[in-house]
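Undergrad: Order-wise, the sequence lines are chains P and R. Here the first sequence stands for residues 1 to 185, where the numbers follow the UniProt record's numbering. Here the second sequence stands for residues 1 to 308, where the numbers follow the UniProt record's numbering.
None of these hints come from the bench; they were simulated from the model. Take these hints with a grain of salt, some might be off.
[Claimed, not checked] Sample of chain P residues facing chain R (criterion: CB under 7 Å; computed from the structure):
hint, residue
1, V24
2, G30
3, A144
No residue lacks a Cβ here, since even glycine has one placed at the ideal position from N, Cα and C.
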Amino acid sequence: MTTSPPPGRGPVSRIVLPGPARSVQGHRAGIVTRATAGAVDLVVAFAAVGLGYAVWSGALFVLGPASFRFPDPGGLRLLVCALGVLTAYLTVAWATTGRTVGNRLLGLRVVGEGAGGVGFVRALLRALLCVAFPVLLFWVLVSAENRSLPDVLLRTSVVYDWTSSARRGAEPTTAPAPMVLPPDD
Amino acid sequence: MESTAAHEDGGGAVTRYDPLTPADVADLVLGLASVGAEVAVRAAERVRPPALVTRALAGLVTGPVTATVSRLADRALQADWSQDVLRSGRSRRRDLNRRTLEVARRVAAAVVEVALDLVDVTDVVIDHVDLDAVVRAVDLDRAVERVDVDAVVRRVDVGAILERVDVDEVVARADLDRAVARVDVGAILERVDVDEVVARVDVGAIIDRVDIDAIAARLDLDAVVARLDLVALAEYVVEGIDLPGIIQSSSGAMASESLREVRWQGVSADERVAHVVDRMLHRRPRTPGPALPSAEAPVRPVIPGTTV
């Protein structure tokens, strides 16, 4: 059995990615990309909730056009609903491919240490922690290893992986090549 | 035949003889004939009777003499003079045998000489002798065993023979193909220690003398490629390089230039923020790479505009 290469270190990155981009693959990501990815995911969750609200309203209009009024679930309910959708969405995404839409946009991937993926339970716990206490993410700022508190508690990592391989990687165990970042223009 | 035993019988010694054999009778007759011939010669020298008388005497005497001789032989043998006659006849017989043999040898030599002139013995042998049967009857193995080959070889001057041999002509006349066809190359190869042979070969010197370029120019690469299972090879390569992942990564929105730029900017921002925080905390730059054992020196990312 061949072990899968670390995320972003396989043949796909060697062939697809340009040289400088290859040097950052597999490194743990910093706070900017991770926060941006989280914001994107939050937007996605709210968009999903809004879409659900629109579908619900459309269904009510079709069923009773005469007595149609926009439903008013209340702000708290909408927020709880949005956070619930976000939790479910993060859990499913991290447990399957290890990346949400925000991760995909920023080129990130959530990996477990050792062999392979995060697993459903860890993904659920991580999603609950991230949604309930988003401030824990900012431990990345002071962590010497770019790990948030959920990462430390659940022994996970978020690494750069610009490839779109469906194969879930594992936390890298070998030292990646030095990063070469693009010069400032 | 002669006296063989003496027996004490009464007062005097009596000598007894063995019975007469035909050879003794012949010796006796010859002896008597010789005596008679001598007497007759002497008588004839003195008296020459007329021819008629001698013939009549011969006719009258021959028959009775024969009978009388056989009847009186035993008795006559006992007398001393008979032994003399017997010895005389025996010596005469031996003399006759010797002369007869001599004459026979001369006659036989002459006859054979003449016969050989008349007859071609080789043809006779070929026509009438079953040589195959003769050869079959000969035990050649036994004959060969009795030959001292070593002695024969010692007496052979091989050098002189070789000087007289025209090796080129011999080789030209030899059917080498047939000889080679009878050689069991497999058995020879089994006896060859290839490792030892190879160990004695200076492969480097051979390779130096080989024109690899010329060999490569003579290669029929098309034939080589035709024998390759390119489909299987392609499948093997695709399996090794994760071609679906490559296609997915290199096509669509994920591979767009703007997305890469966004990712690059994100990575740069990460590094800058981390750098600022590390300076604020007065600690050495972080190693956001994989969690490594302390023994392994982590590799620091290279940030543009900074000296490592």
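Undergrad: Look at each hint and say if it fits the structure.
TA: Evaluation of the provided hints:
1. V24: 5 Å, holds
2. G30: 2 Å, holds
3. A144: 5 Å, holds
Violated hints for the displayed structure: none, as all numbered hints are satisfied.
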